[in-house]
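K.L.:
Fit chains V, F and Y to the given chain D structure using the hints.
Residue numbers (my numbering), protein chains in the order written: chain D, 1 to 331; chain V, 1 to 331; chain F, 1 to 331; chain Y, 1 to 331.
Please keep in mind that the hints were generated in silico from the structure rather than gathered at the bench. Treat the hints loosely; a few may be bogus.
[To be verified] Between beta-carbon pairs, the in silico distance windows are: (1) F:166 to Y:173: 44 to 50 Å; (2) Y:173 to F:175: 34 to 40 Å; (3) Y:173 to F:270: 25 to 31 Å; (4) V:175 to F:168: 48 to 54 Å; (5) D:267 to V:154: 55 to 61 Å; (6) F:191 to V:86: 49 to 55 Å; (7) D:168 to Y:174: 32 to 38 Å; (8) V:217 to D:157: 57 to 63 Å; (9) D:286 to F:166: 27 to 33 Å; (10) Y:176 to V:85: 19 to 25 Å; (11) V:262 to D:157: 32 to 38 Å; (12) D:271 to F:286: 55 to 61 Å.
[What the hints assert, rightly or not] If you only want the chain Y side, here are some residues facing chain F, beta carbon under 8 Å, derived: (13) 92; (14) 162; (15) 223; (16) 226.
[As the list claims (entries may be wrong)] Now the stretches of chain V that chain D is said to cover, found in silico as 3 or more residues with beta-carbon under 8 Å: (17) 183 to 191; (18) 195 to 209; (19) 222 to 228; (20) 237 to 249.
For glycine and all other residues, C-beta sits at the position ideal for the given N, C-alpha and C.
There are 4 protein chains.
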Amino acid sequence: MSASDDTIEVRAKNTSVDHESKDGMNDSAAVNAEYAGDYASEDEQPLAWSRFREYAQDFFSEFLGTMILLLFGDGVVAQVVLSDDAKGDYQSISWGWGIGVMFGVYVGGKSGGHLNPAVTLANCVFRGHPWKKFPVYFMAQLLGAMTGAAIVYGNYRSAIDAYEGGSNIRTVTGDHATAGIFCTYPASFMTRTGMVFSEFISSTILQFVIFALTDANNIGAGPLTPLCLFFLIFGIGACFGWETGYAINLARDFGPRLVSYMIGYGHEVWSFGGYYFWIPMVMPFLGCLFGGFLYDTFIYTGPSPMNTPWLGLKRLVHPRKTRSPWTVSNV
Amino acid sequence: MSASDDTIEVRAKNTSVDHESKDGMNDSAAVNAEYAGDYASEDEQPLAWSRFREYAQDFFSEFLGTMILLLFGDGVVAQVVLSDDAKGDYQSISWGWGIGVMFGVYVGGKSGGHLNPAVTLANCVFRGHPWKKFPVYFMAQLLGAMTGAAIVYGNYRSAIDAYEGGSNIRTVTGDHATAGIFCTYPASFMTRTGMVFSEFISSTILQFVIFALTDANNIGAGPLTPLCLFFLIFGIGACFGWETGYAINLARDFGPRLVSYMIGYGHEVWSFGGYYFWIPMVMPFLGCLFGGFLYDTFIYTGPSPMNTPWLGLKRLVHPRKTRSPWTVSNV
Amino acid sequence: MSASDDTIEVRAKNTSVDHESKDGMNDSAAVNAEYAGDYASEDEQPLAWSRFREYAQDFFSEFLGTMILLLFGDGVVAQVVLSDDAKGDYQSISWGWGIGVMFGVYVGGKSGGHLNPAVTLANCVFRGHPWKKFPVYFMAQLLGAMTGAAIVYGNYRSAIDAYEGGSNIRTVTGDHATAGIFCTYPASFMTRTGMVFSEFISSTILQFVIFALTDANNIGAGPLTPLCLFFLIFGIGACFGWETGYAINLARDFGPRLVSYMIGYGHEVWSFGGYYFWIPMVMPFLGCLFGGFLYDTFIYTGPSPMNTPWLGLKRLVHPRKTRSPWTVSNV
Amino acid sequence: MSASDDTIEVRAKNTSVDHESKDGMNDSAAVNAEYAGDYASEDEQPLAWSRFREYAQDFFSEFLGTMILLLFGDGVVAQVVLSDDAKGDYQSISWGWGIGVMFGVYVGGKSGGHLNPAVTLANCVFRGHPWKKFPVYFMAQLLGAMTGAAIVYGNYRSAIDAYEGGSNIRTVTGDHATAGIFCTYPASFMTRTGMVFSEFISSTILQFVIFALTDANNIGAGPLTPLCLFFLIFGIGACFGWETGYAINLARDFGPRLVSYMIGYGHEVWSFGGYYFWIPMVMPFLGCLFGGFLYDTFIYTGPSPMNTPWLGLKRLVHPRKTRSPWTVSNV
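Excised from the complex, chain D in its bound form (with noise of 0.2 Å):
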């Protein structure tokens, strides 16, 4: 919780320390006076868009944070694919996607940063994170996934042309494909049951450190938890990375492969590896559960079905109201 008493602090110290503001880095503070008058007259009659805005804002912030990450991710491993190694290598695609979650969660910080269904599935199993979000944040990551993605292709197109051996030329297999650009396609020695494995354990990783570094009641990441983030997903790509190229997202994995599908790469995308499209579409949610389960068994002491008579399951019979401290919190 650092983080948000941090920001929190500052707003209220900013009044008493305005003029003597040092950081350049950010004005906000010293636009505050220059348009209090227009401000004094908003308070009354709010603009239309930012009532709008307020209302769309965990859509928006989920969409756009999804976006950087594919912007980054998608990117990396174009330049390293279509450049044959000469612009980067293996690691430059760890840090790639590191950097993408790292930006993704400042960029949605508002929304909590989740940038992944099942990361906002074990919030609302786990974290009382209202179930009635779920579906907005799901297909704000979703597009979002699908935007970048898209930007990344318009990007490298004329790469994509070049390596490819013609602008009709799409493949996903052979010497010279482009596919896995976009999304994760198995290693040929892996089996079904290790395709499975290698998601889910990955997923689980994910989710059970994510709670470590927000667990105020241990040593917790605090205000360090996106510069965590980077290092989290570097190891996952660095450690288990290889097999199924680490997807753990169902937005990052199946929103880029639609596009895929939609830009012309053809059937394969679906079929290659044995129909392997659809586990890193389940694995995730699977892998983030367990993930989120083990940490609240044996570590976390915050409130959690787990620490919960009939593991908080009154819950579900009495929902929670729509004025949730979130949608405050994003006022």
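P.N.:
Here is chains V, F and Y on its own, set in the frame of chain D:
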């Protein structure tokens, strides 16, 4: 804003903790005592130089910050190119530019550490940075970049001679071309549209994320901002750095290009890639404006034209007084 | 100590700021409200499991922390070895182990995140960690390491089969040996003395720096400690990792060695390098004790046997009561 | 200064939070209770060793800090050179030296963690560091560097024998030269002027950025300073490390050079590159002085000769008393 609050809190505290200062790395607190006498006198009649420096603080700050950026940035490219990848690889270049921005911001913090005319423009448009400062920042950044590039040339001159095969040979293309040390040149397969789009999207991401990092109503990076900028530049280089070399900054690209022209790399520094040179001059401005527009429209709730009646056009009618919070903050 | 102070401050503040919580990544504060009812009842009769977990906190914490360490650590070696350096290189291994320790500490923070029996011993000798806890920590670390190694084996089983050339082939030496995935084996040119010294010096540096990072009278890393541990392990791997593979931890080396023996790597896991296996079991203890001795003798001014009459031997005469601050701190 | 304030705040708080300490990684607070008895008695008659250590704190601190720097720094070069790049590459060397400085500063924090005579000189000239301490710092740094280099030699002796082809062979030049492990040698194409300039500019950047990082009136790195130093040294190595090996430190270069001479690398350690050895002894002082001069002249507004009548020459006339804030701060 926490960065600024930190420093302010700190100064407040120092008075009480001088004699227990543990951080040997910064002796200023301790020295306060010592120079007290001199200072007393100074309060009455400040030194002429101090007065001038206060007046020219923005210029010095941006000049030196951008110089540091180029020292690391052009320096790493020189080392990698001239040593034929023996003393670094493509990833080292991402490190070098990221580190250059990180320390450029630490050095140029008093003026906001923009280091980039496009970032300054976006701050003028969206964060109320005084327009009258734009020309000062622009010149300081351009001259700082030229100085940095010139120093790098001086440092690597003998290595360039050895690599090019003679002290009078300076080539933009060919097996031993070294012009790429100073400014960016597009990859061979790129179309004009591709170049424009690549610079545009990179600059958009740059400004979009910078506004997220400095948004106190979002997570915000606070004191971690310079470190986050390292990751941001590293990421842009790893994910979008291949096609046009991610100039995303007029000062960083045009300044050193001028220097390389003066050095004697010839007319090709302008003509290469179908007179590509204007793209990294123009697109960063458009990209950063669009990135700022996106962030303020969909996420930013603080004072911004997007959140103000008539998009804050009032300001154009009643421009701010000279004595803006920034001048104060730089005292 | 600042890490702890953070979390404490934070909890203090939460009560007042729940409804303005900005950090979407941690919902616990918000949930407090919700589960209030259930909690009230809980105060009277805590759940049986919560009571047991409180009792076994140290064990769970060290077990899971060390498991995470091995998941990343053995995982990265597996990926690099089995992919023939296609999916990583030696540097990736430094990344993997560093990240493993970093997140192992975040996960195991409630018990101090030792993850290493030698570090636990040094804390008992120099920092008053209760001796009665040593066996618990030791077993938890050993079993956690074995579990982590077993999971990695499960995850990479098919890849190992493909690499070794058959599901019944497991080799310690040879062109396709994979035993190095699980535990360390010395370089061929090493003498017995060299092995002993290499493990000793690495462990000395480990404990010496850890005590510096956690010394509140020195600079101290505070909340940055887990991140610093990433750099420390990375550095030991990059600087002293070649000769013996920097085990510097009985749990990390002996645990997985047992697992690999059970898997069927045969007697060579013990006999290789002239029965080298005992060196990473014994030397880390001696090295960490010496590192702690050096730090406390020459730098540490806090409470330590070095700074106490009779080197604090009193404690041996009057051992502390069960109810030490730690048990409290883990409530 | 925030680093120091942190630690101070912290100590203040500990008293109140001992029994809720969450940060298991630092037990000192908890132990306070335990040793209270012993301490009481100690207040009356402190231990002889504690008294001596307090007196020699600066020496121990700089000695051990510089030793750590060389352990990582020379260690990584040894591993990369002797393993023929199998266990690291040029980038690993940047990592190793960066990490060495980072932890050298954490270890040597009580004396300011200069680790470099040139940095100490700059602090004497520009930050009122007592001149009388310069010789102590100088000797401590030199001896610490020699010790670190000697330990690295001991650790890698068998590897050096294997690489050189015999235990009595130690070469500075040739295919299997290993002298480069200990100190720096210039690249073959370098002119005398080039060597001088390369060391000068690197040292200038070093001190210029250090003063920026520790300037509480600029952004300032506060508790992030040691981490930033990692990036600074990494950057100097990646951008200016090729031509002369970025010694930028008399202790780091001359100390190990002496050691390698004692080991038996012969007269060539002095004569190589036209008796290059004096350049990394002299230029760092000039470079750091110039870097400090630049920062204080154009940016620093705190107490500095640049900001003082007669450039603070008064001090030379009335030198400070022995009992300076530092001696106090190190009590």
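K.L.:
Count the residues of the region 237 to 249 of chain V with a beta-carbon closer than 8 Å to any beta-carbon of chain D: does the count reach three?
P.N.:
holds (count 6)
K.L.:
Does the hinted range 55 to 61 Å hold for residue 267 of chain D and residue 154 of chain V at CB?
P.N.:
holds, 59 Å
K.L.:
Does the CB of residue 223 of chain Y sit less than 8 Å away from some CB of chain F?
P.N.:
Because about 6 Å separates residue 223 of chain Y from the closest Cβ in chain F, which is inside the 8 Å limit, the hint holds.
K.L.:
Counting residues of the region 222 to 228 of chain V that have a beta-carbon nearer than 8 Å to any beta-carbon of chain D, does the count reach 3?
P.N.:
holds (count 5)
K.L.:
So the hint says 27 to 33 Å: do the beta-carbon atoms of residue 286 of chain D and residue 166 of chain F match that?
P.N.:
holds, 31 Å
K.L.:
Holds or violated: the region 195 to 209 of chain V covered by chain D, criterion of 3 or more residues with Cβ-Cβ distance under 8 Å?
P.N.:
holds (count 6)
K.L.:
Using the beta carbons of residue 168 of chain D and residue 174 of chain Y, state whether their distance is inside 32 to 38 Å or not.
P.N.:
violated, 57 Å
K.L.:
Go through the hint on residue 92 of chain Y and say holds or violated, using the shortest Cβ distance to chain F against 8 Å.
P.N.:
holds, 5 Å
K.L.:
Test coverage of the region 183 to 191 of chain V by chain D using CB-CB distances below 8 Å; three residues minimum.
P.N.:
holds (count 4)
K.L.:
Could you check the hint for me, namely that residue 191 of chain F and residue 86 of chain V are 49 to 55 Å apart, CB to CB?
P.N.:
violated, 32 Å
K.L.:
With 32 to 38 Å as the target window, see if residue 262 of chain V and residue 157 of chain D comply at their CB atoms.
P.N.:
holds, 37 Å
K.L.:
State, for the Cβ atoms of residue 176 of chain Y and residue 85 of chain V, whether the hinted interval 19 to 25 Å holds or is violated.
P.N.:
Between residue 176 of chain Y and residue 85 of chain V, where Cβ atoms are some 23 Å apart, the hint holds.
Comparing the model with each earlier hint shows violations of hints 3, 6, 7 and 8; every other hint is respected.
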